[in-house]
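Colleague: Please construct the entire structure, taking both the sequences and the accompanying hints into account.
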Amino acid sequence: MTVMQHIWIVLGVLFVFLNIAAGLIWVERRLLAMWQDRLGPNRAGPLGLMIVLADTLKLFFKEDWIPPFADKWVFIFAPAIVVASVLMSFVIIPFAPGILVADLNVGLLFFLAMSSLGVYSIVLGGWASNNKYSLLGALRGASQMIAYEVFMGLSLMGVVMLSRSFNLAEIVAAQEKVWFVFLQPVGFVIFFIAGLAETHRLPFDIPESESELIAGFHAEYSGMKFGMFFIGEYLGITLISAMTVTLFFGGWLGPAFLPPVVWFFLKTFVFIGLFILLRASLPRPRYDQLLEYGWKLLLPLVLVNLLVTGAIALWMKH
Amino acid sequence: MQTADNNILTLLQQCLAQDALHQQNTADGLLTLWVRKADIVSTVQFLQQNAYLSLYDLCGIDERDRARKEQLPVADFSVVYLLFSFKDNNFIRLKVPLTGEYPSLPSITAIFPNANWYEREIYDMFGIRFDGHPHLQRLLMPQSWQGHPLRKEHPARATEIGPFRLWDEKQDAEQEALRFKPEEWGMQTHSDDADFMFLNIGPQHPGTHGVLRIILQLDGEEIVDAVPEIGFHHRGAEKMGERQSWHTYIPYTDRIDYLGGVMNNLSYLLAVEQLAGITIPDRAQVIRVMLCELFRINSHLVWFGTFAQDLGQLSPVFYMFTEREKIFDVIEAVCGGRMHPNWFRIGGVAQDLPNGWDTLVRDFVNRFPAKLKEFNDMVLRNSLIKARTKGIGVYTLEEAIEWGVTGPGLRACGFDWDFRKKRPYSGYEMFDFDIPIAQHGDCYDRSVVRVEEMRQSLRIIEQCLNNMPSGNYKADHPLTTPPIKKHTMQDIETLITHFLNVSWGPVIPPGEAMSCVEATKGATSYYLISDGNTSSYRTRIRTPSFPHMQMVPYISKGYTVADLLSILGSVDYVLADIDR
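Chains A and B supply the protein sequences, listed in that same order. Quick note on numbering: the first sequence equals residues 1 to 318 in this note's numbering. Quick note on numbering: the second sequence equals residues 1001 to 1580 in this note's numbering.
Hints are supplied without guarantee of correctness; some may be wrong.
[Said to hold, decoys possible] With the C-beta cut set under 10 angstroms, the calculated list includes, among others, these residues of chain A facing chain B:
| no. | residue |
| --- | --- |
| 1 | Y133 |
| 2 | L136 |
| 3 | E149 |
| 4 | S281 |
| 5 | P285 |
Just so you know, the hints here were simulated from the structure itself, not pulled from any lab data. Note that CB positions come from ideal geometry on N, CA and C, so glycine has one too.
Modeller: Below is the structure:
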């Protein structure tokens, strides 16, 4: 590939995903409304699509307030981390054969590393806000990270064993015959749960929990800094959906009547929809319940999964 | 009840001095005894040892302007203790006469923990001091308030005070008064090994369901202590009762437990009708019962949806409010109003049921059970909800009775006590329904009881629908409102009476009466005193949310902030019901 091609792919990925993230404002609100017997935003433009523009403009024009009691530089820096770390993760996702930014042979590890950086945003933002609700949110964010991060990485090792690679393009290629979701159902479920916790979406929006901590870690944020958290969350949803598709649902693979990249996005949108459906239906556990659930149930489960997968892989080899 | 009265009276006469007791006759027939100030603590203690385990209400009366008090002991003020015995199903009312401008009497907080807030309220409203009270401060009014609102010399309207001015010093003083000092709230800033964090929840907070403020003393996320601050919703409903006529006070009652709608009307009117001696025709009674039960379902639906939302489940509230809207359609067709229909009148209801009401109610009765099952599956059978509510906010039956808990909160402790069954009013004895109970007294059980109550309410509504009696919707009695107009054009006396009863309102015969209604959140009572005037001399509103909220700190210690939301949700209070 030429340098120009690389630049186009980078710009294309940025353009597409930032737009998807923004578009999710509309998708989420309409879908939630549909499931909750409401209409949702339907006034601005056709089907209310222009709400995306209106919301973005509103965020841009809101007063960008930094509380006088806050730790100024950390406060400014925190929201950038989540967006940057999630965007970095998109680097290794193969959207279709040849359409990817960086073909890393440790792609999966890179994803795990980048996505776990996102929690700094919550911890630093909540701490720097110097607000008790934010502080509690940040504390919960930190404890939640301890709960999900462990089994998130381990849940993917089964996939790595089966495909014998950390490279995502090779993982997709290894699913030519059968998707890994059929070989690794436990791994898929656990990864998806970890992904929910990673993106801090209901039922695991514990650092934010609007009914008790109001907005938790981002209570003091306004304007575009809040917008960064907002867009970071939607980027996170897209990322976890895209990763789920890549790792368990055969990525771009699909019948030939549609181009691979279309298959990839179709599958991704199904999981985005699932994220929103979960938000519409589930209540929120307490943070200590999540910790307990993570350490006492999911971690042993994922270890057993790993053991069984390893045993079978060895047995098949002989 | 007569025998229970006699028994306890004999016992009391044995243990007190000869002339220590003075019995008063009241229109509600409750045993009412005047007790000397020096004897009150021992009398209350004695009664508590004799099965009167619950302090149902405690209120003050400014007796100075009262007319027709010749039969009563001399008093400038009196304090009224209302004790209830679940064993004998009997109330006993003790009154303590007090003389002087700012009298005092001994506190009973050592005997009944829930006397704490009641005594503070009396101090706040009358300036009567309670010796030995651990924390005698204003409760409903701001700490900086001048005067005691329920004293007769305190103006009732802003126009009687003169224009409001906020000069700089006053503003500074008011702001200084708002500064949070943990010691003033009876809280420690640190323990031996930890500094506590104080978290201010409310008055503007989505989880408090209204203007309630709770100060939390936290060790990490664990609640060490919690202190609710109430009074933000105080509108002086009791004071307004002394200014409005008997009839024009009805709309104010709608807004006490604003989710209970006409249930409040009923509670107030039962007391008025006892005083006036009005018998309600069957049809009016059944119409009242039907509307009350519709409102009970309505109130429980609001609770159900918001409870789920407090636990993070976002959708149920929309489905439940949709269903509530359907009920409002029925209520609107009957009453013309929705949340505050102001529909009951002294002696009956405002108008007869409209044509086609039965179709509306039948549609609802047919549709609702399936919906309720769906809601129950969605919320209470969800394992995350169970994890968040089971074993949280637990209290035992003894604690519930000691703190004055009534309604679903009491029934969740395994005690089948429902005033509709035990002390029937408005014809509830004619209906066939069960009292749902649960065993553990935690957040989950309180919820289960409420859901089952909706089913029982539906049964009652169905019976109303199938057996609606014919006849008058209002009693044929001169004191009913609006007054009877039938013969006004024939003779001058009737015309004059009608004119006076419309313009001034009816004059209710002197006396005292209290109602006791199983409202949506627990037992609601109106204790009315008439001294033969066009408005009440004293209106006391005993609401269930008040003791329930007082108990919240007790049942939330040791849990986390997230659990506090489950507890608040499961207690199901309305701020207007707490503050009045």
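Colleague: Each hint needs a verdict: does it hold in this structure or not?
Modeller: Hints, one by one, checked against the model:
1. Proximity of Y133(A) to chain B holds as hinted, the smallest CB-CB distance being about 8 angstroms (cut-off 10 angstroms).
2. The interface hint given for L136(A) holds, since its Cβ lies 7 angstroms from the closest Cβ of chain B, which is under the 10 angstroms cut-off.
3. Interface restraint check: E149(A) against chain B, minimum CB-CB distance 21 angstroms, threshold 10 angstroms, status violated.
4. Nearest Cβ of chain B to the Cβ of S281(A): about 6 angstroms, under the 10 angstroms cut. The hint holds.
5. Given the 10 angstroms rule on beta carbons, the hint for P285(A) holds: about 5 angstroms separates it from the nearest Cβ of chain B.
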